[in-house]
Every structure is written in C-alpha cells, then in structure tokens.
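A.B. asks: Line by line, the protein sequences are chains A and G.
The numbering of the first sequence is the working numbering, which starts it at 3 and goes up by one.
The numbering of the second sequence is the working numbering, which starts it at 3 and goes up by one.
Watch out, some of these pointers could steer you wrong.
One copy or two, it doesn't matter: identical chains are merged, so the pair holds either way.
What the hints assert, rightly or not - Straight-line C-alpha distance at most 25 Å; calculated SDA-like pairs for lysine to any residue:
id, residue 1, residue 2
1, Lys298, Gly63
2, Lys188, Arg231
3, Lys336, Pro326
4, Lys298, Gln193
5, Lys188, His236
The hints are simulated quantities; they were obtained by calculation from the structure and are not laboratory data.
Number of protein chains: 2
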Amino acid sequence: MTQTFSYTRVYQFVHSIFIIMGCSKEHADVAAKVLVSADVRGVDSHGVARLSGYIRLWESGRINATSNFEIVHQTPSTAVIDGDAGLGLVVAPFAMQVAIDKAQQVGTGWVSVKNSNHFGIAGYHAMMALEHDMIGIAMTNASALVAPTFSKERMLGTNPIAVAIPAGSQPPFVADFATTTAANGKLEILQRKNEDAPTGWVQDKDGQPSTNANELKNGGALLPLGGDRDHGSHKGYALGSIVDIFSAVLSGASYGPWAPPFPAYVPMPENMPGEGLGHFFGAMRIDAFRPADEFKRHMDQWITRFKEAKPIDENQKVMVPGDPEREMEAIRMKEGIPVVKAVVNDLQKLGEKFGIQL
Amino acid sequence: MTQTFSYTRVYQFVHSIFIIMGCSKEHADVAAKVLVSADVRGVDSHGVARLSGYIRLWESGRINATSNFEIVHQTPSTAVIDGDAGLGLVVAPFAMQVAIDKAQQVGTGWVSVKNSNHFGIAGYHAMMALEHDMIGIAMTNASALVAPTFSKERMLGTNPIAVAIPAGSQPPFVADFATTTAANGKLEILQRKNEDAPTGWVQDKDGQPSTNANELKNGGALLPLGGDRDHGSHKGYALGSIVDIFSAVLSGASYGPWAPPFPAYVPMPENMPGEGLGHFFGAMRIDAFRPADEFKRHMDQWITRFKEAKPIDENQKVMVPGDPEREMEAIRMKEGIPVVKAVVNDLQKLGEKFGIQL
Chain A
3 MTQTFSYTRV
13 YQFVHSIFII
23 MGCSKEHADV
33 AAKVLVSADV
43 RGVDSHGVAR
53 LSGYIRLWES
63 GRINATSNFE
73 IVHQTPSTAV
83 IDGDAGLGLV
93 VAPFAMQVAI
103 DKAQQVGTGW
113 VSVKNSNHFG
123 IAGYHAMMAL
133 EHDMIGIAMT
143 NASALVAPTF
153 SKERMLGTNP
163 IAVAIPAGSQ
173 PPFVADFATT
183 TAANGKLEIL
193 QRKNEDAPTG
203 WVQDKDGQPS
213 TNANELKNGG
223 ALLPLGGDRD
233 HGSHKGYALG
243 SIVDIFSAVL
253 SGASYGPWAP
263 PFPAYVPMPE
273 NMPGEGLGHF
283 FGAMRIDAFR
293 PADEFKRHMD
303 QWITRFKEAK
313 PIDENQKVMV
323 PGDPEREMEA
333 IRMKEGIPVV
343 KAVVNDLQKL
353 GEKFGIQL
Chain G
3 MTQTFSYTRV
13 YQFVHSIFII
23 MGCSKEHADV
33 AAKVLVSADV
43 RGVDSHGVAR
53 LSGYIRLWES
63 GRINATSNFE
73 IVHQTPSTAV
83 IDGDAGLGLV
93 VAPFAMQVAI
103 DKAQQVGTGW
113 VSVKNSNHFG
123 IAGYHAMMAL
133 EHDMIGIAMT
143 NASALVAPTF
153 SKERMLGTNP
163 IAVAIPAGSQ
173 PPFVADFATT
183 TAANGKLEIL
193 QRKNEDAPTG
203 WVQDKDGQPS
213 TNANELKNGG
223 ALLPLGGDRD
233 HGSHKGYALG
243 SIVDIFSAVL
253 SGASYGPWAP
263 PFPAYVPMPE
273 NMPGEGLGHF
283 FGAMRIDAFR
293 PADEFKRHMD
303 QWITRFKEAK
313 PIDENQKVMV
323 PGDPEREMEA
333 IRMKEGIPVV
343 KAVVNDLQKL
353 GEKFGIQL
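Take these sequences, add in the hints, and give me the full structure.
C.D. replies: Right, here's the structure in full:
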C-alpha cells in the first residue's frame, strides 16, 4: 500500500509547491529540506503527509508565505523573534541560527519565537548545532490534543522536545520526542490498520481509559507521557507545560488551549492571548564548558558503554537516542521514501491543482 | 508510626551535625536549609532521612566538609565549577548563584558542576531564580539504579529535573521530578508498608516486569518514565541521559554506571571517567525575552486556566506543578514535620554519637 519515490523527486515536488505558494527560492529551499527530512528520518507523520495541511493554512490566510520575520527583542544570550505568521519550516531554522550566532559570541544562545506555524520535526533544528560543536535544543507548542492529569479537557499540544549532542567518532546523540505517551502520528498508523491502541495512550471524552485509536474524533484526548497518575503522567504533563511556557508565554505566542489548530477548517480559538504558535531554541557551545575534543571523547565512551549495556534479549541491543532515525535515513536516501497510498493521492491532487507532476 | 518535630528543631539539629562535620557556619546554614526544605515540601526521602548517609560518606572520606569549590572555566553565559568533593547541598546553591549572576549580565547563565555529591531536592535550587524574576533550572546525575529501554543493567540514576517559573498574583510553577516512572523514595514507602508496586515501576534482574517493591535488592532496576517501550520508556531513558550528559559529561564528572554510589559501603566504580557527581543549573532572566510584568500576567492566566480545566472527577481538581509541595510546606511550617520512627531512631543514634540532642 505504499509507493516509493527518491528523495530528490519528493524534494523537487515539495519545493515547487512552496514556490507556487509565493515563497522566495531561499525560503522554499529551507522549507522543502526541513519538511522532507521528516520522511527521510522515518517520522512519516511530519513530512509530505502534512503538505496539503500547510497549503490549506496558506489558502485560509493563516500562513504568510512572504513573511518578514525579525528579532523584536534581544540581549547578548537571548532573542525573541516575531515569525510574521510565516512557515514554521522557515522561521525555525532562522531562529536556531540566531541561537547559534549568540552561542558563538557569549557561550550560549536562547531564542523564543512567536507568531509562527508548525515547524516540521524538532530534531532537524536541534541538529543544526552539531556542525558547530554545540548542543542544540528545539521545542514547540502545538494545537491542544492532550489532557493534563486529572482532566478530561484538551489543554496542551504533543509539545515535542529535541536535544542534539555532538560526539567524536560515534554518531551524535539525538533525542526527539513528543511529551505524550505516544505521538499522534503513531495513533494515525493504528487508525489506518484498524487496530487498538495500548492502554495509556488515550482517554475517552469523559476521561476514562480507552484503547480506541479513534478516540480523539469522539472528543477524547491524548495522554501525557506516563499515561496515568500511578505511572507518572504528572511528569509528562509538567514537561508539556514547560515546552508550552518556554515556547509561547516567554515569546508572546498563543498558549495552552488557545494554541492555533493545525487543521485549517477548525476555527481559531476565541480571545487568543498571543500571536500564532511558539517555539523555543537553544545552542550551547561545548567549549564554553570544556575543550570540545575532550567532551567528544567522553561522549564516545558514553555512547559505546550504553550500546554495550546488558540487553534483556540478545536480539534487541540497547539503542542510543537518534539511532533508529539515522538508520532509516541511510536506507531511505539509498532506496527511496515509501509513501502510503492515501498520501500519494493527496499529493497527486495537489500536483494537479498547481500543475506540477509528482 | 511518626513523631512530629518543629521546623526549627529539625533545622537546629541538622545544622549542629554539619558544624561537627567541620562545615563553616555559612556552609552549615545553607546545607541545613536545603536538606530540611525536602522534609518541609513533603519529599521525605531527600531530607533528614538521608542525613546519616551524608555522614557516612564524610566518614569514608568521600565528602569534604571544608571544600573550596571554584569556577574552573567560564564564558559570559557559562561556567564549570569544581565542587572539591564538597557537600552538594552547599555546592549547588553556590553554582545556581553563579548562573543567576551571569543571567543578570547577559540574559541567561548556565553552570555545569563536577566533583560534587548529592544536592538534596532539585526544586530548591531552581526556585532560587524566582525572586530575581528569572526561570530556574536544576538537574543532577546520581548513582545508577535505572535500566535503559531493552536493558537489564543499571546505567542511569533517577536523574531529576526541576524547572521553576515565576508568576504574578498566582504562586510560581515549580516542576521537580525524577526521570523514572517513580522515584526511589516512593518505592521505599511501599517497602515499609510491605506493599506491591504498580506495574511499570521496576523490573527484575532479568529485565522482566515485576511488582516486587524490593526488586532493587535482588539485582533489579527502576524503569525510565514511560515504563516500557509501548508506553514511551525510550523517552524517559532519553531524558535521564540528557540530565547525565549535561551534568557530568559537560563538566567532567563521572557519568552513567560510573556515577559514585550514595551508600558509603558500596565500593566506588572502577575506572571512573570523571570526578564525583555532576549537576547542571540554568537561569533565564524573564526580561531578556519580554517585560517581566507582562510575562507574569500571562503566567497568571496560564495557571488559572489550567486549574479550571474540566476535571474527570469533581473532587480532584487539576493541579499545577508545585501545588502539592507548596500546600505541604504551609502545613508543615505550622504543624511541624512528621518523621517516621525508623528515621527518628537513626537521628537519635547520630545525636548520641555526636553529643547533640534531637
């Protein structure tokens, strides 16, 4: 039920769509690279599957393809950026670069962004720091789908956190995860297969445990990492809240249940307390703490030791965050990106509409 | 099975013990305040229950009561501190103050610490930022008790993260949590009551699920937040790893399975790659991002809105991180601190040994 396309073919198609939206060549280059990096790394829910969603946001006037984002406030180690309702796919790399530039100057850089939109995978932005021998951090708030512990109301997005840490001869440590038990994309996979979800992923509209993968359509909610109080859901709720506050309250974006929805057909919340979605980025220069080569030698030892940790099952070795995505990237850059039929149809329709061949 | 003591009485006792250890008055003031803040906030496992553990570490020469900690490297926004094997209870507030001072200068401050010891509750240190209108962050690595996803080996500590965020008329947001499903202290409570643990807290020595609260004594391990792969344990494992790397690899402390053990009778690991335990602290000045009064007004709205989120059960309202500990603090400062009998006996023995009345 999938059709496989080369990276180049997918990239070109996405790039052409962004050009038609009115993006500059420079912006389309970045946006296409960020979006397709999700498909390449195996995070299929955040790649081309979302392209028509971005288009609908643009058509409804919620995304400004010719945005002029700018720094509205700064100190030597911080900045706030107004995304001018631009594509998060473009605003985010710009903001991460500001964090990197500040880290070059004073050791670390921290940037909060308002008035933006969905930014693709957090990991892409965090990883921008690696080539500069820096630790990179990226997070974003998102449309409310998650109920806090003890609540039946959707108050937070899946609010992901990504942290990328350079190593020496080993590949980097790259964590990139939603602060929920399972990301919404995992639920969508179960929906397509018509399978149940494990307990602890969702609850129904009354806040009762459920294994129905379609529960969100019935007014249910995703659960914070931990699942329930006994299993630490108050910690997942705290993490999602921290992401919301750093990304949106610190910048002046719209937070909590007021975060703008991704589906363009969902009306914007009333009385929004800020502008658009918010993101938060950090860059820390390794040698602002200790010599980079020394640090990387120890990261190599850290990574090697964890990979050698005694496995429960000899056939399933311990992994280091970033391993699965990097392995997927190596395969897909060589063998192409498998796209599920529903998404292929969706992209073909887009192509017809805009006169572009997939 | 508890005996209740006033805050002052517990503080005085602890203070006298630290003076006898050889701490300066200034250090004893801080150490006693930090240690007893755990009891006051209801984190009983991290307060006076640990006092004799600190003493044994001092007696075995692993804690230096007359440490001269110092900044060994710095940039405008970062520092690395060598704790000189001092009490973490004293090293940590010193390091957090350095982070705060740097934030005053350049917007944010980030401090990694090596050659330290257990620092009490992370929340105390993070909360130091609040009175300066800053966001405070504190984390630490710890003795390995936690198995990564797919492993049966103890590789990480319970590695807590604390984040304190100021508000206006509302009390501050204070998250402080172990990156495991449940902190070790919760397991100890079940052990005392001779009760089983919920699934997802621990596994046995072969890596199989267990509900035996004594599993750690049999070679088992605590589980990362999430519990198992299906419920996101790889995210808890990633979080614990990030804490380990920021605290120890960045500073030059000993990391992962080499972190020094808290019980003095446990031999130090061989071939330790760094010095002592590591901590990591951050301070971000609110007005390095937006005017502090504006931010606090929005935090008030954030907190109020989350407290009003629709509850599943009308008798259990939604809480904001920090609420339970603050309520406990109000009660215990007024009514005293209940200390379980076993800990009272332990403290009395200490008192006899050092000629101090509890």
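A.B. asks: Tell me, in ascending order, the numbers of any earlier hints that this structure violates.
C.D. replies: Checked against the structure, the hints that fail are numbers 1, 4, while the rest are satisfied.
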